[in-house]
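Enquirer: Listed below are the residues making up each chain.
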Amino acid sequence: QSALTQPASVSGSPGQSITISCTGTSSDVGGYNYVSWYQQHPGKAPKLIIYEVSNRPSGVSNRFSGSKSGNTASLTISGLQAEDEADYYCSSHTSSSTWVFGGGTQLTVL
Amino acid sequence: QLQLQESGSGLVKPSQTLSLTCAVSGGSISSNGYSWNWIRQPPGKALEWIAYIYHSGSTHYNPSLKSRVTISMDRSENHFSLKLSSVTAADTAVYYCAREVSGGGQFDFWGQGTLVTVSS
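Protein sequences, first through last, are from chains U and B.
Each position in the first sequence, counted from 1, maps to that position plus 15 in our numbering.
Each position in the second sequence, counted from 1, maps to that position plus 981 in our numbering.
Since the hints were made in silico from the structure, they are not lab data.
Just so you know, these numbers come straight off a predicted model, no measurement behind them.
Treat each hint with caution, since some may be false.
Claimed, not checked - Which bits of chain B does chain U cover? Going by a derived footprint, with three or more residues having C-beta under 8 Å, they are: (1) 992 to 1000; (2) 1003 to 1009; (3) 1064 to 1071; (4) 1092 to 1099.
What the hints assert, rightly or not - In the BS3-like style, the derived pairs of lysine-lysine whose C-alpha atoms are separated by at most 30 Å in a straight line are: (5) B/1026 with B/1064; (6) U/59 with U/83; (7) U/83 with B/1026; (8) U/59 with B/1047; (9) U/83 with U/62; (10) B/994 with U/83; (11) B/1064 with B/994; (12) B/1026 with B/1047; (13) B/1026 with B/994; (14) U/83 with B/1064; (15) B/1047 with B/1064; (16) U/59 with B/1064; (17) U/62 with B/1064; (18) U/59 with B/994; (19) B/1047 with B/994; (20) B/1026 with U/62.
To be verified - Residues of chain U placed beyond 12 Å of chain B at every Cβ, according to the derived structure: (21) 26; (22) 70; (23) 80; (24) 112; (25) 122.
Cβ coordinates follow ideal geometry from the N, Cα and C atoms, glycine included.
Input sequences plus hints: build the corresponding full structure.
Expert: This is how it looks when you write it as structure tokens:
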């Protein structure tokens, strides 16, 4: 299974909004509403921030939102804050009943 | 609060077998509705899903690793384990254990991760 495709890096200024894309195929992202997003700060374990495309776990800021169109899922962070600077990963269920992650996106808050 | 803790050898020689255990506290690995996963991250690289085992004991593996990986569980000890055989330097990574809410793909609880280095 091939990793999902994410941009290597994105950046934005405090208060702005950014969007990170996650592109797969009809056998993963496009075929299921089981896309999740994770935030990872250096040296830490990933943290779940979005599941099932657009749902937020309890305690996650509503500045984080998710969506999907066709084979591409997206994570939008609005009102960027310095603490949002981290790596972000998407994941998806696959037709083989396995899971696949994206290559990760480094977010820089300018 | 559920907690997961990885343990095992931090240094493995090439061609040998990597063995890790994930101890689960604050919940039972026998509970319906969850799978128990291993995920790894080579230094400076992306996450890679390795395998999962359901509460029932059924297993699924990453096709690229399937021939070398075994995941198992010990309900009496409330832990699950990973064995990766014939390791090379490419298997050097931080290995995480994580719980997934069955079918939804939510890896909602993670261990802190343990670095395994493959070197002679």
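Enquirer: State for each hint whether it applies.
Expert: Taking the hints in turn, this is what the structure says about them:
For a cut-off of 8 Å, the count of residues in the region 992 to 1000 of chain B with a CB near a CB of chain U stands at 0, and the three-residue condition is violated. Remark: the region 1003 to 1009 of chain B is not confirmed as covered by chain U, as 0 of its residues place a Cβ nearer than 8 Å to a Cβ of that chain, below the required three. Requiring three or more residues with a Cβ within less than 8 Å of a Cβ of chain U, the coverage given for the region 1064 to 1071 of chain B is violated, as only 0 such residues are present. By the rule of at least three residues with a Cβ nearer than 8 Å to a Cβ of chain U, the coverage given for the region 1092 to 1099 of chain B holds, with 3 such residues.
Only pairs whose Cα atoms come within 30 Å are accepted, and residue 1026 of chain B paired with residue 1064 of chain B is accepted, the gap being roughly 22 Å. Taking the CA atoms of residue 59 of chain U and residue 83 of chain U, the gap is near 27 Å; set against the 30 Å cutoff, the hint holds. Annotation: proposed proximity of residue 83 of chain U to residue 1026 of chain B holds, straight-line Cα distance about 25 Å (limit 30 Å). At roughly 27 Å between alpha-carbon atoms, residue 59 of chain U and residue 1047 of chain B fall within 30 Å of each other, so this suggested pair holds.
Straight-line distance between C-alpha atoms of residue 83 of chain U and residue 62 of chain U comes to about 20 Å, which keeps the hinted pair within the 30 Å bound. Proposed proximity of residue 994 of chain B and residue 83 of chain U is contradicted: the alpha carbons are some 43 Å apart, above 30 Å. Straight-line distance between C-alpha atoms of residue 1064 of chain B and residue 994 of chain B comes to about 14 Å, which keeps the hinted pair within the 30 Å bound. For the hint pairing residue 1026 of chain B with residue 1047 of chain B, the CA-to-CA distance comes to about 21 Å; that is within 30 Å, so the pair holds.
With a CA separation close to 22 Å, the supplied pair residue 1026 of chain B and residue 994 of chain B stays within the 30 Å bound. Restraint check: the Cα-Cα separation between residue 83 of chain U and residue 1064 of chain B comes to about 36 Å, which exceeds 30 Å; the hinted pair is violated. Restraint check for residue 1047 of chain B and residue 1064 of chain B: the C-alpha separation of about 11 Å stays at or below 30 Å, so the hint holds. Taken as a hint, the residue 59 of chain U and residue 1064 of chain B pair is honoured in the structure, with Cα atoms around 23 Å apart against an allowance of 30 Å.
For the given pair, residue 62 of chain U sits about 25 Å from residue 1064 of chain B by alpha-carbon distance, which is consistent with the 30 Å threshold. A hinted pair counts as satisfied when its Cα atoms are at most 30 Å apart, and residue 59 of chain U with residue 994 of chain B qualifies at roughly 26 Å. With a C-alpha separation of about 20 Å, the suggested pair residue 1047 of chain B and residue 994 of chain B falls inside the 30 Å cut-off, and the hint holds. Restraint check: the Cα-Cα separation between residue 1026 of chain B and residue 62 of chain U comes to about 17 Å, which is no more than 30 Å; the hinted pair holds.
The beta carbon of residue 26 of chain U is kept farther than 12 Å from every beta carbon of chain B, the shortest such distance being approximately 19 Å. The Cβ of residue 70 of chain U does not lie farther than 12 Å from every Cβ of chain B; its closest approach is about 9 Å, which violates its non-interface assignment. Every beta carbon of chain B lies more than 12 Å from that of residue 80 of chain U, the smallest distance being close to 16 Å; the non-interface claim holds. Not every Cβ of chain B is farther than 12 Å from the Cβ of residue 112 of chain U; the closest lies at roughly 5 Å, contradicting the non-interface assignment.
The beta carbon of residue 122 of chain U sits about 15 Å from the closest Cβ of chain B, which is more than 12 Å, so the claim that it is off the interface holds.
In this structure, the hints that do not hold are numbers 1, 2, 3, 10, 14, 22, 24, in rising order.
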